[in-house]
Every structure is written in C-alpha cells, then in structure tokens.
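Chain residues, written in single-letter form:
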Amino acid sequence: MYKCSELEQFADRVLEFTTRYNSRNQLSYGPGNLRGKYTKYPSYGDFPETYTLRCYGEWWKFSEATYQKPYMTNDVDPLGTEDFVTVHFNQAVLPTKIYIYETYTLEQSVSCFVDTIRLELNCSKLDHHSCFDAVLLSGRPAPESTFQLKCFEAFGLPQIATVTTICDSNDTYDSSSKRSRKKNYFKKLPYEVIVQIFYFLDLKSLCRCACVSKQWNEIARDSLLYQNISLKKYWYTVDTRALDFLQNRCKNLKKLDLSWCGNDDRNFPRKFYEFFTSTCQNLTHISLGNATYLNGSHLAAFSRCPDLVELRLRNVTISDLEFCHADTLTKLTKLVTLDFYSTNITTNMLLPLLKVNPNLKYLNLDFCDEIENMDDVIEVVAEYNKQIVGWSSWKAKRLSSRGVGLLGHCHCLEDLDLGWGLHVLPPENAIEKIALGCKRLKRLILSGWRPLVDAMLLPLIENCKQLEQLDLLSIKGISKEFVEKTLNELPNLRLLELSFCDSIPVEKIEQWRISFPHIKIQRCSETE
Amino acid sequence: MHSLWLTGRLLSRAIWNGFANISSAADPNVHRKTDPFLVSAVCGFSKERKIQRLIKGQFGDDAWFTARYKSADVLGVADGVGGWRAYGIDPGEFSMHLMKTCERLIKLGRFTPSNPSELLARSYYELLHHKKSILGSSTACVVILNRENSTLYTANIGDSGYMVVRGGRIIHRSEEQQHYFNTPFQLSLPPPGYQADVLSDQPDSAITDNFPVEDGDVILVATDGVFDNLPQNLLVSELTKVQGERCASRLQMVANSIAWMARNLSFDETFVSPFAESAFANGINTIGGKPDDITVILATVAI
Numbered sequence: 001m002y003k004c005s006e007l008e009q010f011a012d013r014v015l016e017f018t019t020r021y022n023s024r025n026q027l028s029y030g031p032g033n034l035r036g037k038y039t040k041y042p043s044y045g046d047f048p049e050t051y052t053l054r055c056y057g058e059w060w061k062f063s064e065a066t067y068q069k070p071y072m073t074n075d076v077d078p079l080g081t082e083d084f085v086t087v088h089f090n091q092a093v094l095p096t097k098i099y100i101y102e103t104y105t106l107e108q109s110v111s112c113f114v115d116t117i118r119l120e121l122n123c124s125k126l127d128h129h130s131c132f133d134a135v136l137l138s139g140r141p142a143p144e145s146t147f148q149l150k151c152f153e154a155f156g157l158p159q160i161a162t163v164t165t166i167c168d169s170n171d172t173y174d175s176s177s178k179r180s181r182k183k184n185y186f187k188k189l190p191y192e193v194i195v196q197i198f199y200f201l202d203l204k205s206l207c208r209c210a211c212v213s214k215q216w217n218e219i220a221r222d223s224l225l226y227q228n229i230s231l232k233k234y235w236y237t238v239d240t241r242a243l244d245f246l247q248n249r250c251k252n253l254k255k256l257d258l259s260w261c262g263n264d265d266r267n268f269p270r271k272f273y274e275f276f277t278s279t280c281q282n283l284t285h286i287s288l289g290n291a292t293y294l295n296g297s298h299l300a301a302f303s304r305c306p307d308l309v310e311l312r313l314r315n316v317t318i319s320d321l322e323f324c325h326a327d328t329l330t331k332l333t334k335l336v337t338l339d340f341y342s343t344n345i346t347t348n349m350l351l352p353l354l355k356v357n358p359n360l361k362y363l364n365l366d367f368c369d370e371i372e373n374m375d376d377v378i379e380v381v382a383e384y385n386k387q388i389v390g391w392s393s394w395k396a397k398r399l400s401s402r403g404v405g406l407l408g409h410c411h412c413l414e415d416l417d418l419g420w421g422l423h424v425l426p427p428e429n430a431i432e433k434i435a436l437g438c439k440r441l442k443r444l445i446l447s448g449w450r451p452l453v454d455a456m457l458l459p460l461i462e463n464c465k466q467l468e469q470l471d472l473l474s475i476k477g478i479s480k481e482f483v484e485k486t487l488n489e490l491p492n493l494r495l496l497e498l499s500f501c502d503s504i505p506v507e508k509i510e511q512w513r514i515s516f517p518h519i520k521i522q523r524c525s526e527t528e
Numbered sequence: 001m002h003s004l005w006l007t008g009r010l011l012s013r014a015i016w017n018g019f020a021n022i023s024s025a026a027d028p029n030v031h032r033k034t035d036p037f038l039v040s041a042v043c044g045f046s047k048e049r050k051i052q053r054l055i056k057g058q059f060g061d062d063a064w065f066t067a068r069y070k071s072a073d074v075l076g077v078a079d080g081v082g083g084w085r086a087y088g089i090d091p092g093e094f095s096m097h098l099m100k101t102c103e104r105l106i107k108l109g110r111f112t113p114s115n116p117s118e119l120l121a122r123s124y125y126e127l128l129h130h131k132k133s134i135l136g137s138s139t140a141c142v143v144i145l146n147r148e149n150s151t152l153y154t155a156n157i158g159d160s161g162y163m164v165v166r167g168g169r170i171i172h173r174s175e176e177q178q179h180y181f182n183t184p185f186q187l188s189l190p191p192p193g194y195q196a197d198v199l200s201d202q203p204d205s206a207i208t209d210n211f212p213v214e215d216g217d218v219i220l221v222a223t224d225g226v227f228d229n230l231p232q233n234l235l236v237s238e239l240t241k242v243q244g245e246r247c248a249s250r251l252q253m254v255a256n257s258i259a260w261m262a263r264n265l266s267f268d269e270t271f272v273s274p275f276a277e278s279a280f281a282n283g284i285n286t287i288g289g290k291p292d293d294i295t296v297i298l299a300t301v302a303i
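Chains as they are written, first to last, in full-length UniProt numbering: chain C, 1 to 528; chain P, 1 to 303.
There may be inaccurate statements among the hints.
Below, in silico cross-link-like pairs of lysine-lysine (DSS-like), each with a Cα-Cα straight-line distance of 25 Å or less [what the hints assert, rightly or not]:
id, chain 1, residue 1, chain 2, residue 2
1, C, 214, C, 187
2, P, 132, C, 520
3, P, 100, C, 37
4, C, 37, P, 47
5, C, 255, C, 334
6, P, 241, C, 37
7, P, 70, C, 480
8, C, 433, C, 476
9, C, 386, C, 331
10, C, 476, P, 100
11, C, 508, P, 132
12, P, 132, C, 397
13, C, 476, P, 132
14, C, 254, C, 334
15, P, 132, P, 100
16, C, 331, P, 107
17, C, 37, P, 132
A short list of chain C residues far from chain P (calculated; beta carbon distances all over 12 Å) [as the list claims (entries may be wrong)]:
id, residue
18, 198
19, 237
20, 331
21, 344
22, 384
23, 465
24, 502
What the hints contain is simulated information worked out from the structure, not anything from laboratory work.
Quick reminder that beta carbons are idealized off the backbone N, C-alpha and C, glycines included.
Could you put the whole structure together from the sequences, leaning on the hints where they help?
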C-alpha cells in the first residue's frame, strides 16, 4: 500500500473567481490575497490584506440588476452556491484536510479536486462581509511512479467518484430486460399528463427517468421539458458531450444559464456556438457568467435572438471585442435586463445598445474598467431608458457629480448602487438631485463617498421616504445627529451600513441597535 | 541620571531594531554570487522624547520598509506631514500605510523594477480604495536595485531622499522638491471639505532617476530629519566608513551612529544646521537643529 507523509501547502495561485470587492488591478481586498501564508489571521476584522466578498446576507437579492433569479425553479441548488473562487496548489495531493483562514464572518461549502480547489460560497446566511486570508491544503502528495499511481486508481479518487455526470443517462435504453411483468399504469395516462408530471423534475431526475422504460425515455426527451435550462449547478460536468445531449432536446429553449461551465474544455466554444445557433431562436433569457471563451462571433449569435429580454455576461472578457462592430448587439431591442458585471464592454458598444432598448429596467456596469467615462453612459440612459429601475456601477471610472445628478432624471429608479463612485471628487449637489428626482428609491449604496457630509445627504432623508437599504460605508463626514434623523424619519429602513464611519462612536451604535431593533445597523472596523 | 538611562534605552532600542531588521532584509546566503544585492540596516528615532510604543516600520511620523522580490531589492522611506495633528489626524498613519502597501506590492511582485514612481502611485491609489479612510499626507522616497542590470532606480517626492557614495564622493543625491520653504511636495488624502486648501501632488510628479551602481557603493535613504540636521561632509565621512561593508551588524553600527548624531544635533539649539542655513537663505533668522523624526536606511551594494 502506498504511504506518504502529509504535505501541507498554501495556495500558490488564484485561477478563477466570481466576485470581488475592488477593481481588477488593485491589490486590497482582491482574490490575490489568498495566495501564500495568512497575513492577518488570527486578527479579527475587515482587512485590505484579505480576500473580501462584496455581498452578504439576503439584502442584495433585492437588486435585480445584480441578482439573477433562478431560471429553473424546479432545479435549485440545495447548497445555494452563489459564488466561487478557485485556487491552485503547487503539488497535487490526495486531500485529507482543508483549512480556510478567515478573519471575518464566514460560512461556505467546499468541493475539491486534486491540485485545485474550488470554494463554493453561499453568503446568504452571513451577517456581514466575509474575509479570507489563506487556504491551506493538507494531504498526501500524488505518487510519482506508475505503480503507485495504479494503487491510487484502485482506491478511486473519492471526490471525483461522487460527482455524477449528467451524460450518464445515455440515450440507449436496454430493451432486453424482461423483468417487468407488472402492469404499467403509466401507459394508461395520457402523454400530456406525464409530461406535466415530469415538468416538476430537476435535470438529474429527468435523466434517471430516461433509463426506466422506452416510454419514459421518449417522454423525457420532450422539448417541452427543456425550456428552461440551468447548468450552473453542474459546472464540473458540463462539456461538449453534455451540449450534444441537450441539443436534440432543446427545440424550444427559453431560458439558458450556462454560467461557470465549459472553461476546461477546449472544444467547448465551438460546440457552444453550434448549440446556440441551432437551438436558441426563441431564447428570452441567457446567462453566461465566467464564460472565459466568449468572442465576437458569440455576440453576433446573441443578436440573432430577437426576443431576448435578459442578457447576463458576468465576469466575461470578450476576446476580440475591439474588432466587433459597434452595432453587433443592436438587433436586440426588447432587453429588460443587462448585466455586464466585470466585463470589458466599451462605451462604443454599450451606447448604441442602450439607445435601442427603451424598455430597459436593470443595468449592471460594476467593474467595467473599459468604460472610460461613466457620465456619458448616464447621459444616454437618462435620455433613452426612462424606465430604468435598477442601476449598478460599483467602482465606476470617471463618474462626476454631473453624471450622478443626471440620474435624477430617471424617476422610476428604486435600486441605485454607486459604491466608490465619487470617493475623491466633490459630490456638490448630486445627492440632492437624486433625492428630488428618484422618490421611489428603496436601495441606495454610497460606499466610500468620502467627501459626503451631513448637509449633502439631508435631502435624501426628506424626500426618499421609501428607502429600505442605505449604505454609507467609510463616510467620515456624517454625524450622529444625522444618523439619528435617518433612523427616525425613514419608516421603511431595514439596513443601515455604517462600517468604517469613524465619526460615530460604537456606544451610540449599540444604543441604536436596542432602540431600533427592526433595523440592521452594520458596523465593523479594522481591529488591530 | 535620568537622561543617561534614557540614552541607554534609546541606544539599545536602536540596536534591537537593527537586529530585527537583519533577519528581514539582509540575508546574503540566499543569493547566487553573481547577482548584486543590498545589505541593509535601519535605525531611527521619534522626535518625541517620551518613550512610545514601538511599531516595526515606524519612527514617530516616519515610516520605512525594506523588501525584496526575485530580481529587485527595494528600500523606502516616507515622512508623514505633522501639520495634520491639528485636525485630529495621526500623521503617521498615512506614511505607515503607504510604505506597508509598497511592501505588499513588492512581495506579490506587482511592480516594475525599473519604475519606482509607478510603485508609489499604485500604493497611493490602493490607499484611496481602503475601506478605512486614511487621511493625511506624506513625502516619500523609494529606491529599487534591479539585480539584473545592477542599476538603481529611484523615485522621490518631497524632501526625503537618498545619497549614494563611492570612494568618499557623492555619486548621486536626490533633489528636494519644495513648494516653498519647509513645505515639501507631498502625496495627500485630505479630509472632506479641505480638498481645495491642501497641497496635493500627484504621484507622477515624483522625480525619477536611474544610474548603474558598483560593488561597495553605499546608499543612504533617509527622511529630512537626517538631511536637515547633519552637514553633508559629516554624512559623507560616515558613509565612507562602510564602503564595501558586507557585514550587516557593522553596517548597523554606522546607521545607529548617523541616526544618533542627527538626533543629538536636532535638539542642539546653538548648532548651525543645514536647516538653519536654508532658513537663513530664505530670509528667516534662526539657529539650531530641527527637531524631527529620524529614519536612516543604510545599504551597501554587494556584487
């Protein structure tokens, strides 16, 4: 039997991730901080030297610009995975233990491979931001000689063995079995009724049903059952074969979620293109988070879905975007939701698209570093997309008070995320313009707007009485009188973020927490 | 008696500091013999006479770091502008975070060895995006030895600086950047409402320079507390003593003596310091040293 001492190693690289707090080229709070040994652990607090997640709890699910409602309501991930981060280790081992060094609130689930580990994260139960410092993998190193390798194969790599592939349910049904002599009552049910029953099954069960009998196999192929497909949950097993399997069935595809899938397969981009062009004429919703393979020809294919309502391309870098024509996407005119979270979309590409979509309601432009001037985008939105309800531009480049003020023309706005938008420039009367224009505001994120002071925020309290969530992280210029007024005068307020607002004493926060128990008041500071 | 005890305490602290530094920055054994590297030593004092809590990388409002990554050895100092104390802001915080961030950037390899001003700029922009709002302003000087081509790349904002001595002569010396007398160029993050009134220089206004170094060259990186109080000839004669020195503890002794001299002269009310001369040239009649925080990083090039 193969024996070897335990090897402990820290992550040496971060391969992929879905969420982050800070811009791509910045170090603080970035996923790069997972590399190597812990730096802050065992200190407790929210440190820039750790990998910090942006969302926590259920609060952000209010924002449709950011949160994608599940496409397959009958196939929901029991773990509730929302985000992941994949780390690589120097040496492949048979894992025995994984240590995750956290410096702030956390709860997560883990699925693992041999030398890379993907931490799947579910933040919805969390009280506040979570911060990771390092990941330590402990295990026996992979053997070098072939003999030892065989030993390993004999034991089977358990973590891979537990993964069932959805392709397992191959289309061939073994007709030679003569076991079933019992009466098949299902034969008496009309076809439509069985389809209706099958409609409640998730993908895995559907595949299993296909193996039961010829009749079931046939029914399980019905394209009515494959209208809404979400493969995000099965990212580890989706490859070209899976797409082949689905291609015959998806004649009537409406919603397609292929997030996180296909990044390990070289032929996937080509296959995906083929799959898409043959099945997706009637598509209304598409989500392709972390699809690193996307290029201009895929974009051109999207534009051939005239009914597209929702387009979500999170964490995508389109490889040859600079060669794409600015009008590539302008055939899409029914869009309601556009999510370009952390993509390389450019102003040239975005503005024509916004101009032809008068029904647009939700727009996410977080971390879009290629958009040189956010003011220009806002100008177009204020003119052409009057119905906009949700706007998100976390860490926007070149946002000025003029641009923010223009958002005041969008009277339907309910959800406004402008985190770290004006952290240096003076905000002047931008907030006042928003407060007077957007009286329906329910969620407002102003994280890191350092130059703000009480007087600039007061119009907000006086006009936006429907506010439920207000984020004032890292604003030093607000006083406790202002916070008191906020708590008293906003009847619907549920969340108030006051972390790193050093001007407000902790004792005061404790008092407020007692006297306003229905309001969640967040407060965290770096504690050395 | 009390002052003797104080002196002893300060000196022993300086020496302790030196040892703490040996482990982090001067470990010649890890290099191949062909690559040049820096042997360095650090010493400094806070301007405050009372003993404060000692934090590594900080002397009063001054901050420093030494770090290395693959093909580069980096030294840096920053001097927090004391005027912020009047606004209830700890001036040491900004300089400390600026240097700490530089150090992290280097350890993660997020810098170009030939571009130290980019390093300062990156560090500055990182601070802008901290959740904790760090306010204040600081001068800064960063020196990078690119081991691949034995060239020293420098960036300097304000009146901290460096000096390179070879064979008893100054080969290179940083230029002071001042808006007006005793008001150096500075990177700053002013509190809300003060933006218009505060002198703030962009990181790209740093003066950069590069020049080849030879075996044995002595590099001094220090804050203005040193340059304002020690006459140049005194500095050069001290630096010449360690020409070609590879023993970190002997280097430490010289660093200690430079810092100690600077400290003593800074409290000497009759001494005509370089600061007093400069003040006189600007029409201000004053005499004596300039009490200030003092940071000395002394390094020799070993090839």
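task = Kindly indicate which numbered hints from before are broken by the structure, ordering the numbers from low to high.
result = 4, 6, 7, 16, 24
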